[in-house]
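S.K.: Since the structure of chain A is provided, determine the placement of chain B on it from the hints.
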Amino acid sequence: MEVCSSDGFNVTLREFGCEQCLLSRPDGSSSFIQGDTSVLAAVYGPAEVKVSKEIYDRATLEVVIQTKVGLPSVKERSQEQCVRETCEASLLSSLHPRSSLTLILQVLHNDGSLLSCFLNAACMAFMDAGLPMSCLFCGVTCAIARDGQVITDPTATQEKESRALLTFAIDSTEQKVLMSSTKGSFSVHELQECIAISQMASEKIFQFYRESVQRRYSKTL
Amino acid sequence: MESCLKVKVGAVLLPGDVFTFIKTDTISLTESLKDEKIICGPGLRRNGDDVVVCKSGVLRHKNPNLYWVDSQQRRYVPVKGESVIGIVTTKSGDVFKVDVGGSEQASLSYLAFEGATKRNRPNVQVGDLVYAQFLIANKDMEPELVCIDSSGRANGLGVFGAGGLLFKGSLGLVRRLLTPQNEILKDLEKLYPCELVLGMNGRLWVRAASVQKTLIVANLLESSENMSAQQRRTLFKRVADGNL
Numbered sequence: 001m002e003v004c005s006s007d008g009f010n011v012t013l014r015e016f017g018c019e020q021c022l023l024s025r026p027d028g029s030s031s032f033i034q035g036d037t038s039v040l041a042a043v044y045g046p047a048e049v050k051v052s053k054e055i056y057d058r059a060t061l062e063v064v065i066q067t068k069v070g071l072p073s074v075k076e077r078s079q080e081q082c083v084r085e086t087c088e089a090s091l092l093s094s095l096h097p098r099s100s101l102t103l104i105l106q107v108l109h110n111d112g113s114l115l116s117c118f119l120n121a122a123c124m125a126f127m128d129a130g131l132p133m134s135c136l137f138c139g140v141t142c143a144i145a146r147d148g149q150v151i152t153d154p155t156a157t158q159e160k161e162s163r164a165l166l167t168f169a170i171d172s173t174e175q176k177v178l179m180s181s182t183k184g185s186f187s188v189h190e191l192q193e194c195i196a197i198s199q200m201a202s203e204k205i206f207q208f209y210r211e212s213v214q215r216r217y218s219k220t221l
Numbered sequence: 001m002e003s004c005l006k007v008k009v010g011a012v013l014l015p016g017d018v019f020t021f022i023k024t025d026t027i028s029l030t031e032s033l034k035d036e037k038i039i040c041g042p043g044l045r046r047n048g049d050d051v052v053v054c055k056s057g058v059l060r061h062k063n064p065n066l067y068w069v070d071s072q073q074r075r076y077v078p079v080k081g082e083s084v085i086g087i088v089t090t091k092s093g094d095v096f097k098v099d100v101g102g103s104e105q106a107s108l109s110y111l112a113f114e115g116a117t118k119r120n121r122p123n124v125q126v127g128d129l130v131y132a133q134f135l136i137a138n139k140d141m142e143p144e145l146v147c148i149d150s151s152g153r154a155n156g157l158g159v160f161g162a163g164g165l166l167f168k169g170s171l172g173l174v175r176r177l178l179t180p181q182n183e184i185l186k187d188l189e190k191l192y193p194c195e196l197v198l199g200m201n202g203r204l205w206v207r208a209a210s211v212q213k214t215l216i217v218a219n220l221l222e223s224s225e226n227m228s229a230q231q232r233r234t235l236f237k238r239v240a241d242g243n244l
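Read top to bottom, the protein sequences are chains A and B. Take the first sequence: its letters are residues 1 to 221, numbered as in the numbering used here. Take the second sequence: its letters are residues 1 to 244, numbered as in the numbering used here.
Calculated from the structure, these hints are not laboratory results. Everything numeric in this text was worked out from a predicted model, so none of it was measured. Every residue gets a Cβ at the ideal spot worked out from N, C-alpha and C, and that includes glycine. Take these hints with a grain of salt, some might be off.
[To be verified] Cβ pair distances, simulated, as ranges: (1) D50/B / N110/A: 47 to 53 Å; (2) K68/A / K62/B: 47 to 53 Å; (3) S73/A / A209/B: 55 to 61 Å; (4) V177/A / N63/B: 42 to 48 Å; (5) E174/A / Q125/B: 20 to 26 Å.
Okay, chain A solo, but in the shape it has when bound (with noise of 0.2 Å):
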């Protein structure tokens, strides 16, 4: 929500909240809130999978975002391909050939950032729910200004006054973009600002969920 440099440093982010294990009926689930955006993650798996979409060698991974009011519309269906693209790659799904794992994510307010809210979430839902994943991811999103200056983490008003959107994903082994999604239009020096900062801030996120897990853990007897 702060602005930041344009030479990357202070990379400033809303204030985190996550909470694990929170449904009963689901495998894993877990809330994650950025600012005022919050969203509820939910995973079912691995479970019986219809013989229409099985995968005979990895794990067939279904992504649901369901919005607050409303249908879910061609822009969901865009969301949950990126979601989804960035899950696969992470998750471990050859040890579970010819299962399904289902993620549904629930939009509980819409302030901004909602697409790295989405990856948050599904990350802490998967290392809830125990299952074997690769590396962790993490979402950023930068909104670049009218005048250029580069906004991390924005919300709502400011997403409507920036002339660009764009919203990565991050790996927590290498910091390697798994996933981009980009609105609007920027030029190429630009992008590489904004995938250095959203590195920057990936950081920042693998430490909280670092964090979060331990204090679940902390009550273990």
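M.R.: Frame of chain A; chain B shown alone:
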């Protein structure tokens, strides 16, 4: 590498954490090179020369060289040799199909019961509970259950379940209840006499003297998962006093 694993025993690890073999650039001239052997349990995978963590949880260690990640999970994945509670769903041909809570149903042959022959078929109906062991359980094949051990005797396996209650807990709760000399079962023994069957797939079956006592024991077991030892003892004491 064993030293960097030993340091982290008891710490919380996340997927993607890597433990590498320390490259022997500095070979000591006085100590001989020892071969390190590490057994990776659930949650750890070998990736070339590295050991990579693939589930989030606490790193545990058992002498001499067994390491694994203890994670809290609800979904069961069949593993060879584990004893589980299954529900018979269909009888087809010479085989029963049993639901064990995994990604596909397991098969249980008619002949895998004590004293069963082609003429003397076991008395198993659809909907019965069976306590069975996995004979085959890997990611590529359909899981197979048996109700006899390698010498042909039942040894506690088989059909059961008249008059009790089946409920589901997490996998960690069942593992805790199965450790020898665990405190939850010791406290429970003092409370009511009851019969208990624990399946490694997270299913528990209880039978006590009356329906009410059965329900009480089931609720106590479910709630003891999230309590500390002190809270659990106060709860058990309250139940013991309240019902006398």
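S.K.: Among the hints numbered above, which are violated by the structure, and what are their numbers in rising order?
M.R.: 1 and 5
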